[in-house]
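Sequences and hints are given; from them, build the entire structure.
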Amino acid sequence: MNRIEINFERCKGCYLCVDACPKHLIEQGKELNACGYYPARPTAETTCTACALCATVCPDCAIEVFKEVEATPAKAAGASKVQPEGIKSCG
Amino acid sequence: MQKKVFSRPEGLLDVTTHYCAGCTHGTAHRLVAEALDHFGVRERAVGVAPAGCSVMMYKYFNCDTIEAAHGRALAVGTGIKRARPDLFVFTYQGDGDLASIGLCETMHAANRGESISVIYVNNAVYGMTGGQMAPTTLLCQRTTTTPAGRTVANEGFPLKMAELMANLEGVTYCERAAMYDVKQVRRARKAIFHAFEIQIQHNGFGFVELLSACPTNLKMPPAKAQKWVADEMVKTFPLGVFKDLPPGPSPAPSSAPAALAEEGTAHAV
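Top line first, the protein sequences correspond to chains A and D. No gaps in the numbering here: position 19 of the first sequence is 18 in numbering that gives the first Met the number 0, and each next residue is one more. No gaps in the numbering here: position 95 of the second sequence is 94 in numbering that gives the first Met the number 0, and each next residue is one more.
Source of the hints: derived by calculation from the structure; they are not laboratory data. Heads up, a few of these hints could be off.
Taking lysine-lysine pairs in the BS3-like style, the calculated list, with each CA pair at most 27 Å apart, reads [said to hold, decoys possible]: (1) Lys3/D <-> Lys22/A; (2) Lys2/D <-> Lys66/A; (3) Lys223/D <-> Lys29/A; (4) Lys223/D <-> Lys22/A; (5) Lys189/D <-> Lys66/A; (6) Lys66/A <-> Lys3/D; (7) Lys242/D <-> Lys58/D; (8) Lys226/D <-> Lys159/D.
Structure (structure tokens):
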């Protein structure tokens, strides 16, 4: 699942990321951090595309973006050799 | 499997900056740090810090940084670069530092064509000292020292540094970019990368002006301040590349052999 992590203590609550997110998946938080800001937080929706637009506009580098990726071709090739065991573990 | 596709660059230390919420100094810092990482020059980079809001940038960059006297960042940078040409030197200055008190040093360093990259953050106001008028303050803009708005009769016109720099022969690359939305941040990133490349590969003087928002002194929420930059500042400070000389040998060395050849033929005759 694609997701973002907003660093609670680094965020200063400017909410530029809220405007930047094309899917409106970031909202204003309700808890104060140590600096006295209300940091932004991701909503419960799971439709994030890991486009990183929020992180691009974040002036405080508070956002990390994680993208769901397939296993690399080398690993996939290695996995195909031990396919029966892989299937067992999946089952 | 999840892959991290965006995180803090190595060139930036993991600390909370002192900048106000929504100040684009942080974005500019990140772009510079990304460029340092990209070109792999962090170990031999020296940043020159100005006086102004970014006066404490040595706390945020993960490279060597030196603090210059107010406005003299390019004079200090010249000294560093001439003593150690192997180092990568960049200055990071605001409009009060570069365009006001340090205008003389800036113009002469640019005219000499020093091999330095300049990141110039223009937010149209003196941020650190409390929102006084800067040389780049827009006409009719209200500040604490121009409460009725800047007028031509009293304070003159806003100073357009990118245009000024483009007229100097020593400057290799000069661009004005902004950071008010994703597209502009990406353009600013490209501009900074190109300015660094100019120094690393061609020993040229690169100048990047970044239009920045100062929500505190504009007395606006961050999103509105960004919109103000897009709607108002860009009218006075048009974005674009003002100068980008093609890479290659400068005219002076190439003309020297031609002159020698002429002399040679003259002697032969």
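Hints and how they fare:
For the suggested pair Lys3/D and Lys22/A, the alpha carbons sit about 20 Å apart, so the restraint of at most 27 Å is met. Pair hint Lys2/D plus Lys66/A holds up; C-alpha atoms about 5 Å apart against a cutoff of 27 Å. Proposed proximity of Lys223/D and Lys29/A is supported: the alpha carbons are some 22 Å apart, at most 27 Å. The suggested pairing of Lys223/D with Lys22/A holds, with an alpha-carbon distance near 20 Å, which does not exceed 27 Å.
As the CA atoms of Lys189/D and Lys66/A are separated by approximately 24 Å, the hinted pair is consistent with the 27 Å bound. Pair hint Lys66/A plus Lys3/D holds up; C-alpha atoms about 6 Å apart against a cutoff of 27 Å. The hinted pair formed by Lys242/D and Lys58/D fails the criterion: a straight-line CA distance of about 33 Å is larger than 27 Å. Between Lys226/D and Lys159/D, the direct Cα distance comes to roughly 20 Å. Compliance with the 27 Å bound is thereby established for this hinted pair.
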